[in-house]
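S.K.: Okay, here's what each chain looks like letter by letter:
Number of protein chains: 4
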Amino acid sequence: MSSTYGESLKLSIFGQSHGPAIGMTLDGIPAGLPVDFDKLQQFLNRRAPGQNDWSTPRKEEDRPEFLAGILDGFTCGAPIAAVIHNNNTRSGDYDNLKDCPRPGHADYTAQVKYGGFQDAAGGGHFSGRLTAPLCIAGSLCKQWLEEMGIHIGAHILSIGNDTFDRNFNQVSPEIDRIEINFPVLDPDCGEKMRERIASTKEQGDSVGGKIECAITGLPVGIGEPMFGGVESRIAQIIYGIPAVKGLSFGEILPTGSENNDAFLMESGKIQTETNHCGGILGGITNGMPVIFQVAMKPTPSIPKPQQSFSLRKGVNQELVVKGRHDPCIVPRAVPVVEAAAAIAIYDMILGNTQTSRRKSHGIE
Amino acid sequence: MSSTYGESLKLSIFGQSHGPAIGMTLDGIPAGLPVDFDKLQQFLNRRAPGQNDWSTPRKEEDRPEFLAGILDGFTCGAPIAAVIHNNNTRSGDYDNLKDCPRPGHADYTAQVKYGGFQDAAGGGHFSGRLTAPLCIAGSLCKQWLEEMGIHIGAHILSIGNDTFDRNFNQVSPEIDRIEINFPVLDPDCGEKMRERIASTKEQGDSVGGKIECAITGLPVGIGEPMFGGVESRIAQIIYGIPAVKGLSFGEILPTGSENNDAFLMESGKIQTETNHCGGILGGITNGMPVIFQVAMKPTPSIPKPQQSFSLRKGVNQELVVKGRHDPCIVPRAVPVVEAAAAIAIYDMILGNTQTSRRKSHGIE
Amino acid sequence: MSSTYGESLKLSIFGQSHGPAIGMTLDGIPAGLPVDFDKLQQFLNRRAPGQNDWSTPRKEEDRPEFLAGILDGFTCGAPIAAVIHNNNTRSGDYDNLKDCPRPGHADYTAQVKYGGFQDAAGGGHFSGRLTAPLCIAGSLCKQWLEEMGIHIGAHILSIGNDTFDRNFNQVSPEIDRIEINFPVLDPDCGEKMRERIASTKEQGDSVGGKIECAITGLPVGIGEPMFGGVESRIAQIIYGIPAVKGLSFGEILPTGSENNDAFLMESGKIQTETNHCGGILGGITNGMPVIFQVAMKPTPSIPKPQQSFSLRKGVNQELVVKGRHDPCIVPRAVPVVEAAAAIAIYDMILGNTQTSRRKSHGIE
Amino acid sequence: MSSTYGESLKLSIFGQSHGPAIGMTLDGIPAGLPVDFDKLQQFLNRRAPGQNDWSTPRKEEDRPEFLAGILDGFTCGAPIAAVIHNNNTRSGDYDNLKDCPRPGHADYTAQVKYGGFQDAAGGGHFSGRLTAPLCIAGSLCKQWLEEMGIHIGAHILSIGNDTFDRNFNQVSPEIDRIEINFPVLDPDCGEKMRERIASTKEQGDSVGGKIECAITGLPVGIGEPMFGGVESRIAQIIYGIPAVKGLSFGEILPTGSENNDAFLMESGKIQTETNHCGGILGGITNGMPVIFQVAMKPTPSIPKPQQSFSLRKGVNQELVVKGRHDPCIVPRAVPVVEAAAAIAIYDMILGNTQTSRRKSHGIE
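Protein chains in written order, with our numbering: chain A, 7 to 370; chain B, 7 to 370; chain C, 7 to 370; chain D, 7 to 370.
Please keep in mind that the hints were generated in silico from the structure rather than gathered at the bench. Heads up, a few of these hints could be off.
Since the list gives no way to pick out one identical chain from another, each pair is judged satisfied if it fits inside one copy or across any two copies.
Restricting the straight-line Cα-Cα distance to at most 20 Å, the calculated cross-link-like pairs of lysine to aspartate or glutamate (EDC-like) are [stated by the list, open to error]:
(1) K45 to E185
(2) K275 to D105
(3) K104 to E272
From just these sequences and the hints, can you work out the full model?
M.R.: Have a look at this one:
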């Protein structure tokens, strides 16, 4: 049940970093939904590397080929399947990862779990490359949510522990103001962030950061109690993104009187004055924007020598990780966070049998 | 799919705060596992209210009655079912919650989602009371994990934003040093926390906080890639606990060279010098303690008047929440966090088909 | 994942034959659905033993107590939970079942699977008694289907291999003509069936038979392709009923020209002239009645001596099954088949996101 | 949840008959299992058309390309993905299926369910062609079961209602005696079956039949109670095969004294004298061969004119199905039944946490 997500939809992601192809299947989608392939490609390009200073110069062509489920630009009700063929051949760069694992990566845990049979090249199935098929599924869900007036946007909240963008205005996030390539709310802060990444790169190191995401236009009533709450469902998929180690919703103020969001009824419409709850009460959307923050650790692959060991020799051993790697994965992870959120939300909307079924029962 | 959790085991939680009973079913458990009912009761008592200053004086008897699945003190392979009968009768305290929802609670979202048919008394199915059956399931899983040498402990990390316990020593958490009733590592800090709660109570307010949990004794290799990773599985259940709004694993340091945990092989045993990754690499346990922090918002029920509205009248309206409520839910949530972690971990161990199946294939 | 069923709803059944209680939880049901408790009790009475010649004189009171999920006669959106308390105490009748298993029962397979820890009394979790909670869930689903104009009825198709009721008229099943207590279409045949059961009982033997079930009023388009087809979903739950060993849909004629159901459009309404496909094409309902037949083996518990063995002594051993048992389980299984069908169909209707979602997308 | 199967493994099948490719993903498989690609191809060839008299002369190349999950001939623990590229271009043969549906096919039900957006060419996702990826997954599982000494074989039990092969000797099925191409136990009967198919073909008609399948070498204790029983799990996947309308296990004799399988302990080994229960008691394997029969309707596509209607014109209309179709699908369905059984059994073995976990708890 590892690489599968969803209740009403079923997303299944496959592939290894240096295998023949990576891809995804997405089952349970209604027929008749339009697919904008240009929009999809633009979305994938936001994740692709090699486009700027702060990411690896590796050039991957992330052009998905759709094998099933879409006909003449519309979903046809059958499972959607798409693949991205890998051009990278399995190189010698990763030859000794099974013997001498990279700190901070899944090399060692995979070695034990899979008994040495795992595909270690490029991190195999644990590679960040697997977020590309996640973005295919996410971009589709995002398009279909937009049709319903639901929008998802994210920005870089911090790089390292010293450069911070300002938070979304929680009552009304400025999703439209976000630049695509290095999305921040405060351009000055964005400049400092870029400098921080550049200086980290010069030092042969990497740096982590935080991403903040907002979902607007949600109706009241999405999400289920307990383990099916919006937080639970978003958390399960967000933590499936490599390097994510933290997640929080809204903003907690110390005391109840500060933290509770006062209700405000205006012209029959119910809102809250503040949005510390991040748009979720009891696991269920309250009509305010859903807002959450994702903390990502620094890229573990750094040029500096690190301490590892040799399984074969049974001794400690210094390791220098070869290859070219992102000094900061955060900017490229922004669309991945949006994609994950889109999948979770679209799944919950599909599975929301409360309102629609009362209607079919003639109760509402 | 709301109140159900698990892949290999299936936990289903039912009940409303003021209904006849709350309870749980737990399917998929191997036969022949011993059950220590005294230990279970002690565990439930840690969650029960009315035992001290910092919790509500309501007196609930949380004595589970087992209806199925346990015979002569051992699991019998059939689904386990247990109920706790409610003594609280449905009182008038909550009569107007459907019309005038409490800020910070699920009253409003439930009203919209369930069209007014929800059981509003005491928060209904959204009540923190539902963590009692979670603790039944969790205490059982915790006992069975202990048999395998896996221990779970948690302490109060902070109350409000000003009193902080020190973090677990991440390489070797002092699970044994934790007091049961108000678990902290630093007794002086515990004293300050108690004072903070008391002063909050006096001010007619409530206060939130953080809990830190550690799981020791885990073998390497538990957890699945992507959405089945340890973080994802723990997150899904932890966010099922009312009032949880944040979750983080280990500790992120700003740069890769600081954050990466250097491997250290000693007498053939592989460890890491630090444990910033919180015992998880690529979603899979690496043999170090799994450590995570849970952020809880302040109890939304406070004596102070708050701003709400009347659905019926269509106007804003001030609300005073009646009844007696915990000024701080954090101390009582400590065993709930442990229970949730125990369920998630036990489920992952049950579902770990990698090693055992290679063995059955004669490969290992 | 044993005693759990459903995709959009989650049914979980628990209990052992002689345990404190049996029961069920049913999650995922929309709020606001009415519950007719009298109708429910009447339905359960059809399954109850001790009411006539052909069933065991054991007297069980199957009065469900609802613990959760229903408020003032309506579902409240929270998981529904109900229990039936057992009055039968664990007697010595079954003491040696772990050592000397009954042929045709699960005694031996349970002994091996659960290593002797299983609850053997009365068959434990494998007892036909567990169909009572299935009938609780099924009766609820049946009521809600009836609100939508969907009706489910079943009759005894055969007893043994020699008495056969006529088949449902497949194009328009006479669901209304079925008597409740011993439902047949042809009263003369029913008389012969009763005689067959009585003579079998006199001979100290038991007899099996077949049940035919029809579901009318279904819209076109229920069911999903492949493993989510109506046949697959009904089969999974029907085979969960003890003693079921066969299941078929509609009626297969030898050649395509005979078997294909010709379409017939009349006043804009599309039907088929015959209904050999049993109302299902490609796993999806075609608007004609869904019709299926269930084959049940004879009750394995018979007074005649049978050949078994003693696990402890390691030798063959004759066994005489004590207690009073149904000479024919088929009549009591009729409502169980209806209940199972109701649960499967209601689940599929809840999960049918195709039409409703196209609507919410503004496409239809 | 349509085209997805499995509890411990997750099989997802995608593709449309005339789309770019069909394929499957298979998640949850242990690492280190060997894959024999020649054996896989031979298995797929048994299903492929165009090899003999009784099947369609269409020539499909069913050569799977593995995109993920297998490295150097062994599973690597990551999800397995394989595709078969389609060479058939979308032709005009099927242009009017959306307007004038073929009797016995899913054209009409798909049209209503998917609102006209479905891929109708060649039956789209409902085509029998989708059994090819099922056979990929099934052949892999079959290979891995064979490593454990578990063998699966099937033969043609009947063609039409007049030619019947003899049943498997239920106590010891002669799996090895089955010819590969047109598998029967009695060669004379096989000859008659071939003649029956040939004469049906000459008459411009098609004919159905039955397949019997046996699984030998199973340990006692596989399968879960109620809805997780072996019958339920096999039924769910078998009914996912197009044209299957009936399924039965073992053989039901009329009375309990005839039908019960007497136990027989010989040299410490426990068997039953007969095997009317088809190797399953209480949903759990009893160590005897699992035996079941599958009934398939005649191919609905026949050259004879049939009565349908025109959606657009709103009138009845005669239809002549073009293209070349199997006069009898049964022979080609034999490996598909074996594949489905292999997947279900392998899944249940993976998920059997009872024995292995008692071991890990140190109880056994």
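S.K.: Take the hints in turn and mark each one as holding or not.
M.R.: Going through the hints against the structure:
1. Proximity of K45 and E185 under a CA criterion of 20 Å is satisfied intra-copy only: 16 Å inside one chain copy versus 54 Å between copies.
2. Proximity of K275 to D105 under the C-alpha cut-off of 20 Å is restricted to the inter-copy arrangement: shortest distance 15 Å between copies versus 62 Å within a copy.
3. Proximity of K104 to E272 under the C-alpha cut-off of 20 Å is restricted to the inter-copy arrangement: shortest distance 19 Å between copies versus 62 Å within a copy.
The structure meets every hint from the earlier list without exception.
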